[in-house]
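Trainee: Given chain A, work out where chain B should sit, using these hints.
There are 2 protein chains.
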Amino acid sequence: MLFDDLFTPCLLIDKQKLTDNINRMNQRSKKLGISFRPHVKTTKCIPIALLINDGMIGPITVSTLREAEYFADAGFRDIIYAVSIVPSKLPRVNALLSRGVDLKLLIDDLGVAKALNNQNLNFTGKYRVLIEIDVDMHRAGKSPDDPAVIEIARILHEGQHSEFSGVLTHAGESYTCHTEEDLINAAEGERSLIVKAANNIRAKGIPCSIISCGSTPTATFAKNLNGVTEFRAGVYVFQDLFQSGRNVCEKDQLALSVLTTIISHKKNQNHIITDAGGMALSKDQSTHGTDFDCGYGLVCDLNGKLIENLFVKGANQEHGIITTQDGTDLDYDKFFIGTKLRILPNHACMTAAAYDSYNVINQNEKKIEKWPRCNGW
Amino acid sequence: MLFDDLFTPCLLIDKQKLTDNINRMNQRSKKLGISFRPHVKTTKCIPIALLINDGMIGPITVSTLREAEYFADAGFRDIIYAVSIVPSKLPRVNALLSRGVDLKLLIDDLGVAKALNNQNLNFTGKYRVLIEIDVDMHRAGKSPDDPAVIEIARILHEGQHSEFSGVLTHAGESYTCHTEEDLINAAEGERSLIVKAANNIRAKGIPCSIISCGSTPTATFAKNLNGVTEFRAGVYVFQDLFQSGRNVCEKDQLALSVLTTIISHKKNQNHIITDAGGMALSKDQSTHGTDFDCGYGLVCDLNGKLIENLFVKGANQEHGIITTQDGTDLDYDKFFIGTKLRILPNHACMTAAAYDSYNVINQNEKKIEKWPRCNGW
Chain A
70 MLFDDLFTPC LLIDKQKLTD NINRMNQRSK KLGISFRPHV KTTKCIPIAL
120 LINDGMIGPI TVSTLREAEY FADAGFRDII YAVSIVPSKL PRVNALLSRG
170 VDLKLLIDDL GVAKALNNQN LNFTGKYRVL IEIDVDMHRA GKSPDDPAVI
220 EIARILHEGQ HSEFSGVLTH AGESYTCHTE EDLINAAEGE RSLIVKAANN
270 IRAKGIPCSI ISCGSTPTAT FAKNLNGVTE FRAGVYVFQD LFQSGRNVCE
320 KDQLALSVLT TIISHKKNQN HIITDAGGMA LSKDQSTHGT DFDCGYGLVC
370 DLNGKLIENL FVKGANQEHG IITTQDGTDL DYDKFFIGTK LRILPNHACM
420 TAAAYDSYNV INQNEKKIEK WPRCNGW
Chain B
70 MLFDDLFTPC LLIDKQKLTD NINRMNQRSK KLGISFRPHV KTTKCIPIAL
120 LINDGMIGPI TVSTLREAEY FADAGFRDII YAVSIVPSKL PRVNALLSRG
170 VDLKLLIDDL GVAKALNNQN LNFTGKYRVL IEIDVDMHRA GKSPDDPAVI
220 EIARILHEGQ HSEFSGVLTH AGESYTCHTE EDLINAAEGE RSLIVKAANN
270 IRAKGIPCSI ISCGSTPTAT FAKNLNGVTE FRAGVYVFQD LFQSGRNVCE
320 KDQLALSVLT TIISHKKNQN HIITDAGGMA LSKDQSTHGT DFDCGYGLVC
370 DLNGKLIENL FVKGANQEHG IITTQDGTDL DYDKFFIGTK LRILPNHACM
420 TAAAYDSYNV INQNEKKIEK WPRCNGW
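So the protein lines, in turn, are chains A and B. Using my numbering, you'd call the opening residue of the first sequence number 70 and step up by one each time. Using my numbering, you'd call the opening residue of the second sequence number 70 and step up by one each time.
Here chain A stands alone, though its shape is the one from the complex:
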């Protein structure tokens, strides 16, 4: 496949930027001196997971059982499924375990801990289970000092069909930080509270082998991860406008974009219309309400160079509406119908989910690689 033959809209990966983002995080892992478990929820892509680990199969985090199965099919074995499990989903877990996949589960509830031990008469092994710890009231998990944490750990530790494997947290509130100082503090809060939860459990004589934390912002800004055994991050491989707006990355580090074609001119409204609408970009408006509001995305030329002052103002199902940020007139001669542009997304995870593959471009090469990804549950 040649670059000129790509049908729009489609996903582009700038391989150099991808590699740079990957190397940067791997260097952090070395510097921090602890192992890194990439979250594949953003890319859902085998070649990228391999690229992160020098071409070898390594530990991963997944957000769906579909991802676990997809990566298991490619040989991945050390997998944390970082969303609370419920008993009704165990048949697919059991199938993975019976294939030799070391799939670790996550819970934050005493009833589920008991159910894992009681409700699986056909299951003869032991589920390896982490407890989710909530360090910043962002999503799920028990607070580090909640006595239920010890209770759940004990049930898992003593259960016939479970093994307590450790604690896991995700400092999602770091996504709301604005300054480097806030980001450093969020990282230190995440680290200290997950270590505290682990120490509380260990003080009761229960071993706690995995202490897992991470998010792209905290993984990028943590000064140290003392006491933690592994850290995680997902969106860093692509980065996106949201991360850029929070000063987690630079705008020119964004590796993912949507290739689009100009399909119409609305001169009486100062609009350009493209074929990348809400389906192609997602309806994510996470930069909205910030001082870095990008609408549904920022606009680059075909070579990936940001075109200042343009943004995607609207997104109908299959129509993207581009105009100027300051209201000045568009130069329609420059943006003739048929022109291809690249749109930088607000939120790479959501945008990538509309596609079943990536088109990977190398600077100065016309030939592109096609990398598949999985979707669904």
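Bear in mind the hints are in silico, worked out from the structure with no lab data behind them. You can trust all of the hints, since none of them are fake.
For identical chains, the list gives no copy identity; a pair is met inside one copy or between any two copies.
Keeping only pairs whose Cα atoms sit at most 20 Å apart, straight-line, the calculated DMTMM-like set for lysine to aspartate or glutamate is:
1) K435 / D370
2) K183 / D402
3) K336 / D214
4) K336 / E220
5) K382 / E242
Mentor: Just chain B now, kept in the frame of chain A:
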């Protein structure tokens, strides 16, 4: 597949509500006395397109060439691709035409009209082309009285490789209407302006066979469609919270929902966490800023009965956060972990796009049907 075996999150269609919505629009078509061309962009589903037309293959509208190919594979022949074509996309159009598909294209630009005739040396047939008319400054198209409309029609009419087939419009601004009166006026505006555009063209001696208009709101509220040859609508088959908030339908007419499982309790925040997050529901917040703000969706029990006062407040990638609208305490005993709920989506087109199939349920039947859909471009 039995209902109890469904893996969450997944899409549910209430077949009775779907059928009722379809019948209601078909009755409008009969009453208005003109033919109806369903837009398959919402469902992208062959069984539903057949259901609309009494089990037979009928005319359809598509929003992507992928849809055109998918429906052509199933035998559909009379297709309007209702997004502006650009010359780079013609190879796939040509492939469809050479299979005998009567694929009609849409343009709003003189340069493209010329390009259709000049740039296809290998193409020996005639493209059937409609001109997009803009009746409400919503998206693409030329204003009805723009002299360019006549010019484009003439180029198409006289071109060696094109045939002018008619005019098409979509009154997208009807989505902003609030009252029945506004909706009736939007429908009449759409009708009168598209007929005006057609009459302008006919007055120049150019035949205009197709006069196509429509959107779910205007198709539902049009008092008459005199002068129009066909009308279109898409989302009406499912309806959604946005349409309901605009009084286009009742909340109990929504045929599509997302089946989800409660996976965590956050009692200290009065949250229930489910496995239907942003990926499963989409990030569409089109009810936001209206007096009918539903967050990321409203909540029904397993039988589809709306649970008053609950809504999906937040949507992380794989976590949906449900709480009460008035801030009163949740009853966690009622919503225990493992409980299945149904979420009504803001925007059915966007939500359905995350899935490759529908689970179709019939009242009082445990067995479900699985209907596939297409995605991508």
